[in-house]
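Participant: Here are the chains, one letter per residue:
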Amino acid sequence: MSAARDMLCDTTRTVLAGADDIAPVEEAGFALLLVAEDEGGFGGDWGDANAVLHIAGMLAPDLPVADVILSGLGDVSMPHRAAATVGLMAGAMGQALSLSIDHVNTRQQFGRRLGKFQAVQQSLAVMACEVAAVDAAAAAMAARLDATGFDAEAAGFEIAAAKLRANRAVGVVTAIAHQVHGAIGFTEEYDLCRVTIPLMRWRGEHGNDAHWARTLGRQVAALGGRGLWEGLTARAG
Amino acid sequence: MQSFALYPFDPPGDTVALRTDLRAWLAANQPTDDVVARANCWASFDPDFSRALGAAGYVGMTLPAIYGGGDRHPLERYVVIEELLAAGAPVGAHWIADRQTGPLILRYGSEEQRQRYLPGIAKGELYACIGLSEPGAGSDLAAVRTSARETSEGWRINGQKIWTTGAHLSHVILALVRTEEGSERNAGLSQLLIDLDTPGVTIRPIIDMAGNHDFNEVFFDDVLVPHGALVGERGQGWKQVTAELGLERSGPERYLSSHALLVALIDAAGADPDPAVAGLIGELTAEMWTLRQLSMSTAAKLAAGEDPMVEASVVKELGNAFEQDMPRRVQAIVNFDWDDEDDLARLLRALLIASPSFSLRGGTREVIRGIIARGLGLR
Ligand SMILES: Cc1cc2nc3c(=O)[nH]c(=O)nc-3n(C[C@H](O)[C@H](O)[C@H](O)COP(=O)(O)OP(=O)(O)OC[C@H]3O[C@@H](n4cnc5c(N)ncnc54)[C@H](O)[C@@H]3O)c2cc1C
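Those protein sequence lines, which keep their order, are chains V and Z.
Quick note: the first sequence uses this note's numbering, first residue 1, plus one each step.
Quick note: the second sequence uses this note's numbering, first residue 1, plus one each step.
The shape of chain V in the complex, shown without the other chains:
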């Protein structure tokens, strides 16, 4: 579906920009995104869903965009919801990072832009690494879901790993984003809380860290030490 993905992303941005309820998303037909073309759907893959969710996580984290997209699948499991949430989380974290970069590049203290202070640079580098990790986890999970025809059980390993990785990143990303913003980031008016509060919520939804850590840990324990590596390489690459 990648051929149409750029167009899909443009549409998503247009629909979500300034949207304050879910109606425009429903009207734009996002419920058909994951429905096969021969069933009258858009025939998108999970990579497409992930791209849309990424934008939703950035621009409209409060709207139930994931629910609309998943509704097209009919039979939706908890791991499917977890998978969709990872896409939203990646987007919201990316937004927290760009807001932070914009802020430190404009706000002056001690006669310099904040971004010129090494301590601030190092914090943002740490945040950027977490965001990169979540982006990568979301993309690899999407690839696995596509390879299995959206079979959440067959992609159970990747969903567990990606949701867990995203959950862990929430602590680091929200803490650093707020820290570099100072007090302005703690206001209702400023945009940062629009993404950090949803991140805090999503961390506990559709499986918190303990849930996915134990689920994945038990799965791996059953493989044995060497089996983990063999399992990983057999699943991808």
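Since the hints were made in silico from the structure, they are not lab data.
Worth double-checking, as some hints may not be accurate.
Stated by the list, open to error - To be clear about the criterion: a stretch of chain Z counts as covered by chain V if any three or more of its residues have a C-beta under 8 Å from a C-beta of chain V, and this derived list gives those stretches: (1) 4–11; (2) 255–264; (3) 274–287; (4) 314–322; (5) 370–379.
To be verified - Cut-off 20 Å, straight-line C-alpha distance, at most; resulting in silico cross-link-like pairs (SDA-like, lysine to any residue): (6) Z:239 with Z:140; (7) V:116 with Z:205; (8) Z:301 with Z:5; (9) V:116 with V:101; (10) Z:123 with Z:65; (11) V:116 with Z:377; (12) V:116 with Z:239; (13) V:116 with Z:374; (14) V:116 with Z:366; (15) V:116 with Z:365; (16) Z:123 with Z:140; (17) Z:123 with Z:195; (18) Z:301 with Z:140; (19) V:116 with Z:140; (20) Z:301 with V:236; (21) Z:123 with Z:56; (22) V:116 with Z:379.
As the structure is a prediction and not an experimental result, all values here were calculated from the model.
Glycine residues also receive a C-beta, built at the ideal position from the N, C-alpha and C atoms.
Chain V is already provided as a structure; the job is to place chain Z with the ligand on it using the hints.
Facilitator: The following block gives chain Z with the ligand in isolation, referenced to the frame of chain V:
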């Protein structure tokens, strides 16, 4: 760098067969099953193993056949090195020559240098070390002072390198030296390939905190090498070294150093681990799996001829944090006495002691974060 899209990892040929063949070869040729020796295996020096690996076609894989190489794709090499590391194979002897010195000589070296060094590297018989750090130039590499002056007989070298891993076991050092008198910072630097048996070269061991002799001081006292020892262009040393560091930073060795511990933890936990151990295994697995995606994506970008400096730094930063934290996190959950002699305890002890080096070697954490910050547009 604000969004990390995965670059497709798409090696030519049959990687399943490549893995299967190598696993069978390792089952027949792996010299030790001692867990501690297997951990951090890219520091384990075993020339017999390296030679056998070379003969089997797994060293110098990406070098051209005319120099004894395998003419293979960089991503096929990637598959091979991650298998070697995951198996804990003792690859230390040829590691640096295979990873960076060989490719650097191929890219920047003269025809004479290629013919002289590459076949031995591809055979797993010729070993190289990295001569960058000096007592006054660690993180601040542009402060290098070792000098090389061009004379009618060749280059005369005076100065000192430090922390040179494997110098005592290697044949050549690729040294960053100041070739223009009075030059400052990153101008006037060049790279020289110096045979370590040249008169005037003295190598003194430095014992590390684990009690091992891996790194060294290397002194150059009026060392004379031929004009042909210059690698690439005079004065372009900085640019060449930067390219070399790209090869050094994103490989699977940046997150697999503690892999043996994860394997031992899983084996010790058994099929039905208690919830705290299961949780830890799950967390570590999620991180390792993510790192592998990042590392493979970066390798694919590198193989496509791009220069993913920032991505490589992200892999190194996250990978080092992961492999450094792992022993601490295992210690926090698993009961173990410092002096226990079972496999898991010996491994844990060894990795706790080795782990401070993970975020130093190959560029310190602060330097790596600085590179990422530059990628974010902050510097
Ligand atoms: C196991 C091991 C193997 C090694 N092998 C080799 C080798 O084979 N060849 C080789 O050339 N070198 C090698 N090194 C050296 C390694 O590359 C250096 O240790 C590293 O570059 C740091 O230099 P330094 O030790 O002089 O620390 P310093 O530069 O003195 O730094 C000390 C601390 O201060 C921080 N710091 C320094 N400058 C800044 C700054 N501007 N801003 C913020 N923080 C800063 C550093 O990040 C570090 O945390 C090896 C090191 C180790 C530990």
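Participant: Taking the hints in turn, state whether each one holds.
Facilitator: Here is what the structure says about each hint:
1. 4–11: Held - the region 4–11 of chain Z has 4 residues with a Cβ nearer than 8 Å to chain V, which meets the minimum of three.
2. 255–264: holds (count 4)
3. 274–287: It holds, with 11 qualifying residues against the three required.
4. 314–322: Since 3 is at least three, the answer is holds.
5. 370–379: holds (count 8)
6. Z:239 with Z:140: Since the Cα atoms of residue 239 of chain Z and residue 140 of chain Z sit roughly 15 Å apart, the hinted pair holds (cutoff 20 Å).
7. V:116 with Z:205: Answer violated: residue 116 of chain V to residue 205 of chain Z is near 40 Å, above 20 Å.
8. Z:301 with Z:5: holds (11 Å)
9. V:116 with V:101: Distance ~11 Å between residue 116 of chain V and residue 101 of chain V Cα, so the pair holds.
10. Z:123 with Z:65: holds (12 Å)
11. V:116 with Z:377: holds (10 Å)
12. V:116 with Z:239: violated (25 Å)
13. V:116 with Z:374: Satisfied, since the Cα-Cα distance of roughly 10 Å is no more than 20 Å.
14. V:116 with Z:366: holds (15 Å)
15. V:116 with Z:365: Status holds; Cα separation ~18 Å.
16. Z:123 with Z:140: violated (35 Å)
17. Z:123 with Z:195: Holds, at roughly 18 Å.
18. Z:301 with Z:140: violated (28 Å)
19. V:116 with Z:140: Holds - the C-alpha atoms of residue 140 of chain Z and residue 116 of chain V are around 19 Å apart, at most 20 Å.
20. Z:301 with V:236: Status holds; Cα separation ~17 Å.
21. Z:123 with Z:56: holds (9 Å)
22. V:116 with Z:379: The given pair, whose Cα atoms are some 7 Å apart, holds under the 20 Å limit.
Checked against the numbered hints given earlier, the structure breaks hints 7, 12, 16, 18 and satisfies all the rest.
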